[in-house]
Amino acid sequence: MATNNDSVAMGAPVAAPQESFWARNRHYLLLAPGVVWMVLFLVVPLLMMVYVSFWTQTTFAISSDLTIKSWQTFFASETYFGALLRTLRIWLTVLFFTFLIGYPTALFIGQFVRNKTLQTVLLVACVIPFWTSFLIRVLAWRPMLGKEGAVNIVLQGLGIIDQPIEVLLFTELSVIIGMVQIYVVFMVGPIAFMLARIDHSLIEAARDLGASAWTIFRTIIFPLSLPGVVVGAIFVSVMVLGEFATASALSGRKVNLLGNIIVTQVGSLKWAFAAVVGVILTAVMAVVITALLRVVNLRKEL
Amino acid sequence: MMELIGLSKSFDSKPAIVDLSLRVEDDEYLTLLGPSGSGKSTLLRVLAGLERPEAGRIMLGDQDITARPTHLRGLGIVQQNYALFPHMTVEENVGFGLAHRAQDPVTDTAEVARRVAQTLELVGLLGLERRMVGQISGGQKQRVSLARTLITEPKVCLLDEPLGALDANLRERMTVELRKIRKALGVTFFHVTGNESEAIAMGDRMIVLDEGRAIQIAEPDTVFDAPATVRVARFLNAYNLLRGSVQGGTFESGEVRMPVPSGAQSLSCAAVRYDAVRVLRSGAEAEAGAPALHATFVASEFMGSKVVYFFRMADGGMFEVERHLSSSDPETYGEGEHVTLSWRMQDVLFFDANGDLIELAQAKGAA
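Chains A and B, in that order, give the protein sequences. Taking the numbering used here, the leading residue of the first sequence gets 67, the next gets one more, and so forth. Taking the numbering used here, the leading residue of the second sequence gets 720, the next gets one more, and so forth.
Keep in mind that the hints were calculated from the coordinates and are not lab data. Note that this is a predicted model, so its numbers are computed, not measured.
Derived DSBU-like pairs: lysine-lysine, alpha-carbon spacing no greater than 35 Å straight-line:
no., chain 1, residue 1, chain 2, residue 2
1, B, K902, B, K1025
2, B, K860, A, K182
3, B, K860, B, K899
4, A, K320, A, K135
5, B, K1025, B, K860
6, A, K182, B, K733
Chain B on its own, in the form it takes in the complex (with noise of 0.2 Å):
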């Protein structure tokens, strides 16, 4: 178990990660989902200890290893451009932890090729053994790079937006791939990414950074349900977001009304999800009572399984709605074609005037 109490760095006093405390529990998927520049990288160099933080401490079990150089942690991490020896082999690039390390190396050659052997049929790649790393591809360098860190046994093991330079098919197939690899080690592994679905498929918990501070930690679903913050439902790229306030006992966003939720103060955001909404055309009458708008069609998206609309709101901004093909077909709009979006109250998210999710009484019917 690793734990990180009140971490905090900041570059040319510009803060990075400020008072970040964690628990990374043992044999977890942890992701970790940041937008660029929301300190995330930064975050795994001071785990790796290739940056020292302000303040704060990193524990290891009971160990602080807050001031430990990097190769005494027993921390792996895989960095994002992959970073293999280019005048090695496959073999000697994965083999170099185990043979170099300043902690009890591995001097038998036999012992080190038999590991070797071991951790690349783990990963998949038996037979590239004697391969120079520049004459295999992307994929094949980024499970290099994870079975060099993943043989020298890291208590964890740090990844780096590890999909990140991969093109899409691979990247689904080693989404499976890393799943599968971490239970059958049973080692942590905290990734990295500023991917939303990357980390609500892959991670056990997910962590959801904000110019440095983790704003949710929580399972993907709950995160994915019941974001935190107003910034939490953007990362996710599921939600419309609304921006209103309270009048006279109604929320008022442009033409929406809505009842203010029973117990809250003030409201600063409400927030419908894109396939939560339904499309009525010019003369269908939204439900009595529901909320809707008038927008006008912009263009759709066909991405397989699911057609994502967009539409254009009365004050300019724009409404995304997600109509998934397995529930229904897909409906064609002419462009500037006036249209109403309508949605059920209990599919509305509420946030209040600091921007945090309002917690309602009643249980949110899944969507």
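Okay, chain A solo, but in the shape it has when bound (with noise of 0.2 Å):
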């Protein structure tokens, strides 16, 4: 037997028996169902909405005469072309807070707490507003910072000011409050993945060769839990640049984004002028996630 075998392996290069194409071919059949999926409802969706972008639209109808009218409008009006600029600035300010609340706190849960259960237990408490509905965590700031408003009465009570602060609610400065509030967890989240992943020894290593703390962070643990910051980043920008719920209920319809524009559009029936702004919001979130990933090569990372 074990010669027979020997005999074979020696011989001259068998040509190994040509699989037919179906058989090499078929573990793509498994992608079958996400790409049928990915096309009848995001890929054709997204050449209608560019399409139906250039549709004529007039008061009461909409037919498909191309045209650039819808465009012009859009770039033209301020209202419009400043609720774009208001939608980059309400989203780099939550982005910068988010970082600025996330990080420290990721940093404590994914550094200085070295038993994994307990870690889990703060990244799980972290997602306990999570457990009550996205409009009653936003309605809930309401109560909390209108004239008569929680914030308000404790600091009368305390002495601290005289007057009722009203530039809390209805304002933008509400909008980034309730924001941040909310998406400040899918930053601490990633960042504490990457950051209880780093190996102790290599801070240990730091230290001896000499670094103090603040250059062992500079230099080890910031760079190592950037992938966490980028897709932590990612997270927030993507939620930010479509809200319009959270704009809406704590701006008092004062403060326009993107997203509200879309929906009064849809709602009056301007479905190309609504298409505009769909693209437009698709194109500067297709910019802002390729640039966040140009930080960082995530591939490398991960």
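Take the two lone chains, each set in its own frame, and fit them into one complex as the hints suggest.
Now the structure itself:
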């Protein structure tokens, strides 16, 4: 038996029997459900949206004659172009504050809590607000921030202010406060995950080589957590850029984001114009995500 | 010179280091042999300042560094898993200490680059400067880790099982290399290992650590020829240990009878080196007066320059015999063959009731 096998192995290479095209490629079938789903409900609607944005919109009707009028209206109008700028401004502000609040929290959970169980418990604690509905979480800010809300009552009670602070509710500030509270956890999670993965012996080695705590943070801990920051930033960006509910609930419809414009335009059946805003929003997100992915090569780091 | 005075450390009231005192000289290669769990890694971590001792002091020169934070100690530790910074190149890893240390960092990048090149040359890694540490082999990682520590010119370089993760071939080469590098720099190496041959081959002096205590500190040949306790003899993996007791002026262990050395009160154990034993086939007689025991052959292992034979004694214990092929040809025994094992009295070490070696008046012949 053994010699028989040997002689086969030693002999001239035998051409492997050619598998049929079907046999070689059938694993691609696994992709079929996903591809069908994405084509039907993502690619086709996206192309449709771009197409519709060039349709002709009149007050009561819409026709498929191509025109760039809707696009011109968007960039010429103070209201609409201003909404784009406001969306970008609020997005950057929320991103900044979620990072400012999220990173130290993640640093504590990921680096200073050595017990894995406790780490998980703390991360789950961050998600507790999600046990209530989105709407309740947003609306709960009204009794907090209102003119006769909790914050004002407490501050007045303590004698810190005489007059209630009115800027707290139905302003851009309240929108930002609401969004930061809702989305900060999406920043904490990925960063804490990356921080917890850092091998503690690296930090010990750096200390042993003479580096101070701040230097170790700057040169070892922060660079190694950067993929987490990027993933967190992508989560927050995608959600904030498309936001409309927080803005309409906490700004008293004074702060209009791109999302709010889409909602009103669709509500008044202005499909072509809603499509323009949709295309712009999609383009902005694509640019933002691409830029963030440039910061770190996620494929290499994760 | 570094001196440890009465150092103790325990984890959850389980002692890891117990009242350890030790002098580490300048410019020496000191090895520390300890089985796993003997507290050897803990000792290094205490020295490096990564753990706080509960009692005792660490003196570096004339300064007490017991409470000094790690990054101000001037000791370097090469960790077992190398702990290289994965997001940096070889060059950045090696230069890290110089460029980023809190005390008198080197800010001139050209100077850092020059010294990095110098150190990489010393450890034989020139040409790999720009590689990421994920793209180099295990042996190269080990050298990067060593270079990264050596470049900061530590007063003592602590090595935690530096050869542990290398394959046998590479390990042999690094053994020579480590001694060469140390000599070139004149820095003290404190090398911790669980491998007895590594500890013996590399150290100018060696320490045997057991359950947190230093049970012998001596030159390797002294440790090998005269292990201070039974446990040291066992760690050396070169002695057959015969447990027994004194009965009417004779040391008895199973069927073995040996005269009690003069001056010894009580004995608990005798040790015979693997290579000091003669194997006699049935029929051959042991020399008159020489201790002997009957055993059956179990297996042998050919190891290139030597053969190790395993025999089973009447009480079920194993007895090992080593034959160096430079001095004799290998013998073959059949499985279960009955043989007589015999040795000379001057090759026997005796240990008293506490397990301590009994120093004999007579000079020991080289076995």
